[in-house]
Amino acid sequence: MDEGKPDNQFTLFATAGILILGTLMLPLTATMSPSPARLGIISGVIFLQVILAGANFMHLRHERRSLWAVILPTFILGGVLLFALMPDTILEWAK
Amino acid sequence: MTTQTSENLNLPNGKLAMWLFLATEVMFFTGLLATCMLLREAAPVPGPGLSPWPAHETVHVQPWLGAINTVLLICSSLCVLLSHRALLANQAGKARRWLGLTLLLGAAFLGVKGFEYAGKFQLGLLPGKIGESVNGLSPQREKLLQENGLSYVRDVQERLRALTATVKPEDLKTPPKEIQAAHALLQLTLDGKDEKNSYLRPLTPGQLGDQVNRLNGEFPSLHLPPAIPNGNLWASCYFVTTGIHAIHVFAGLVVLLVLFLFSLGRDSPRLAGRLEVAGLYWHFVDLVWLILYPIIYIL
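Going down the list, the sequences are from chains E and L. Here the first sequence stands for residues 557 to 651, where the numbers follow the numbering used here. Here the second sequence stands for residues 123 to 421, where the numbers follow the numbering used here.
Next up, chain E with everything else stripped away, as it sits in the complex:
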């Protein structure tokens, strides 16, 4: 399927999901002290929100699988970039 069939109900559901997740993040993180669990919750919420936005708003739910050939390597390279960007100076500061 190339172009998604208009599915306003699902889109509204996804939008509500993103907004609810974002709203929940505020009290949840405000009541927790900085910890790996808090970071995990925030990362999980970000991941879910991005998936919902990408799949529905950007039509990735309906796009041809061949488009993933363009998108996936970018994310893999992005991950590599995270480590490549650790310059010596920053590592030196941490000592």
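Take the hints with a grain of salt, since some may be wrong.
Covered stretches of chain E, going by a simulated chain L footprint (3 or more residues, C-beta under 8 angstroms) [what the hints assert, rightly or not]:
hint : region
1    : 571-580
2    : 593-603
From the derived model, a few chain E residues whose C-beta atoms are all more than 10 angstroms from chain L [stated by the list, open to error]:
hint : residue
3    : T587
4    : S589
5    : R617
Since the hints were made in silico from the structure, they are not lab data. Think of the CB as a built atom: it goes at the ideal place given N, C-alpha and C, for glycine as much as any other residue.
Keeping the supplied structure of chain E fixed, place chain L upon it in accordance with the hints.
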């Protein structure tokens, strides 16, 4: 009008081009956010018991303002989507209304951002302008921040002089208390003699930083330049990430405005393809904010 498509991916050329552009944008924002996170994680500890990264309250970051902006952008994305679907259903008027609403929501996002920036400008929370000296800095940090400390003392003195310039000495015994406090602090930054004619040493930048932070807490209306360890690093990260994102929002608004103006006289099917491509960009900007918001406002 026929739309040319890429043979292998079977995608319209415009859409493929936008996806390729977005791929470069993913790399760009990954680099930017990764740099900020690494700078934050590896920020040097200024001294025993001092936090290496400023707390949200210290740098006046309001999570609820970021939350409002999240709602605005998500709703604007929904509006673009509904506008596109209306165009596909040949409902040009409805599409125009949704697109108009998108423009309003995008402009409101920039308005909230402008409000935040104005607050930072007013408080002097700008890269290179923040004093980092407080009591308890390690000797290495103190030595490193010597220039910053001297410049900070001058900035505070200038602000204190401006605050107390219009007040006569005889009026200092009467309220307002904040002006009295400002005058007292100004005296402490100058060398002089006490009533016993003994030499009074002016406050060091670190001592002044502590005094200023205390006064700002007591009298927020003074708006004295706060002393924040690693504040300049924070300000650089804040302004670069949110500023570049805001520029992207602005660029998206310009494109959507052009499409809105086109929609007044063009045929729907032709516009639908263009709006879909522009919408992809707008949704991407929205998606970046979903990642940026927790990093800047929550973590």
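Original post:
Since R617(E) was said not to touch the interface, does its Cβ keep a gap of more than 10 angstroms from each Cβ of chain L?
Top reply: R617(E) clear of chain L: closest Cβ-Cβ about 12 angstroms, beyond 10 angstroms.
Original post:
Non-interface claim for T587(E): all C-beta distances to chain L beyond 10 angstroms?
Top reply: Non-interface label on T587(E) holds, nearest chain L Cβ at 12 angstroms vs cutoff 10 angstroms.
Original post:
Okay, the region 593-603 of chain E and chain L, do three or more residues pass the C-beta test at under 8 angstroms?
Top reply: holds (count 4)
Subject >> Coverage claim, chain L over the region 571-580 of chain E, checked by counting residues with Cβ within 8 angstroms (three needed) >> reply: holds (count 5)
Subject >> 10 angstroms Cβ clearance of S589(E) from chain L >> reply: Its Cβ never comes within 10 angstroms of chain L, the nearest being 12 angstroms, so this holds.
Checked against the numbered hints given earlier, this structure breaks none of them.
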